[in-house]
Amino acid sequence: MTDAPILEAKALCKSYGLVQVLHDVELSIAPGESRVVIGPNGAGKTTLFKCLSGEVPSDKGVISLEGREITGLRGWRRVQMGIGRTFQVARIFPEMTARENMTVAVEMRDRLARGTARRLFSLAPAAELRAEVDELMSELDLAAAADRPARILAHGDKKRLELAMSLALRPTLVMLDEPTAGMSPADRADAVAMIARLRDTHGLTLLLTEHDMEVVFGLATRLTVLHQGRIIADGAPADVRADPNVREVYLGHD
Amino acid sequence: MNRDLAKTMALAGLGGAAFLCVPLVANSGVVFLAGLVAINIVFALSWNLLFAGAGLLSFGHSMFLAAGAYTMAKFSLSAPEVPFLLTLVLAALSGGVLAWVFGFVALRRASGTYFAILTLAFSALVHIVITKTDALGRADGLVGIRRPEIGVGSLRLSLDGDMYYVFIVLSMTLAALALWCFTHSPTGRLLQAIKQDRLRTSFLGANVRRWQLLAFCVSGVFAALAGAVMAPWSQIVSPEIAHWSMSTMPILYALLGGTSRFWGPALGAILFGMLDYGTRNMLGLADMTSGILLLVVVLAVPGGILGLLLRVGRTREEAKG
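Note that the protein sequences, when read in sequence, are chains R and V.
In case it helps, the working numbering puts the first sequence at residues 1464 to 1717.
In case it helps, the working numbering puts the second sequence at residues 2 to 322.
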């Protein structure tokens, strides 16, 4: 008997105008899994992410989180229920320092835990929140960048800052859209190591999209291959790698 | 206590003290203008709370000023037995209620420029309703608003003449400080986050529209408070106060002084008051000079006067060091 899935999508469809981007996508992610969704450009990975996180509504199908249906809920509600998410191009608050970025996230978690009214007018962040900010920043190697404006941070720092902000909400499922996009091979290896470490220490379930095969096979406990909006393979990394269909459309030429 | 807060209180205290000195050195005409400037400061700060603080552009802020002024005037004329400070609270809340009703509809449907146009349309509607309502004096407005009394039991203080001026300066100083505290609170930080990246903020679990609605209501409360304090000062409230041209005033002050600094709009309001006074005898020229000045500032010094001063200060310090 396996655990109930953390995230489940059934017969998920999404069209933009006349173009159908997702065709009856079925996805089931078990607790503790690190699922990587791969597929060529235009396969629908980002659209799948947007539908699952609630950034855009899906047209058909059912999405549930830990057994509760979330299909019609907006993104912020899904975040409150335990989904964290980062974007392909890191979204941070550019005019704030890295520490202020983190403070916004930690205060948001605190607000959700306590209810809004108590914290409407308090001034400096409470000492415990400051400690929480510092802890997360050192855990994600951001301490050196703390007091610099986020817009001038190095690419990798921006990515880690965004991940740290998502983790501040204490999610059960973290969705990472191309976490190593634009990184050098050395930085990639570091990023993979860090994500794996965070997954283990925070007990996270991960859902990622990724292009780089070393990252994919470095992190995935299970792979899903998306091609032209349909799932063509789903299973253990070694099995998927051996799947002739997958080799043809994606891994292709080796 | 927080160091920034202490500095701000010192600054606001100095500013308030400077205003309090005006009756000692100037005639009653100047004192009257200074009272209006103090009120305009809070009006402009309340507008900038939305613009710089939450990324919401309001072209209709006169409706809140009018809500506060008419509520105060109506109570003062029809129910003078209600204590002044209670009336003040009710008048300020009237702005909050108006902001909630409007914001509830508009924030659901629109953002950016569309939102701004909706504020303009809604405030035009408020203006028309006022000019058609008998109880609000239609186009003539409400006249003969008395300067109030405050106190408890037999201990009464009549806020007449310069005493009301003192009350204006004290209440507006406190209101400005309250706005500063709001801007620098966790809520203010979250609104700033929404302004900088709305999608990111919603993916931190924030219901963006609800927070923006809160900002809109807080801004409405403070603009209405400014209007409420203004009514007994000018002793007349006319529909002009709800006119769209009144909505341009806080925008002019804020752009002149600089929107990116909290006190920018306050400086803009003071400079505008001085300019107004300096050109009071040149009919027609006054509008032109303020228009030209604003054009020069916006084109040549996008950060506003305060932004310019701070930049000059920094450059000097660097040159010294």
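Heads up, some of the hints might be wrong.
Claimed, not checked - Chain R is nowhere near these chain V residues, computed Cβ spacing over 12 Å in every case:
hint, residue
1, L86
2, L108
3, D161
4, R211
5, R281
6, L294
7, V297
8, A301
9, E318
Stated by the list, open to error - Some chain V residues judged to face chain R by a derived CB distance under 7 Å, without partners named:
hint, residue
10, D141
11, P187
12, Q197
13, R201
14, F204
15, L205
16, G206
17, R210
Quick caveat, the hints were computed from the structure, so don't treat them as lab data.
All residues carry an ideal CB built from backbone N, CA and C; glycine is no exception.
Of all the hints given earlier, name the ones this structure violates by number, lowest first.
4, 10, 17
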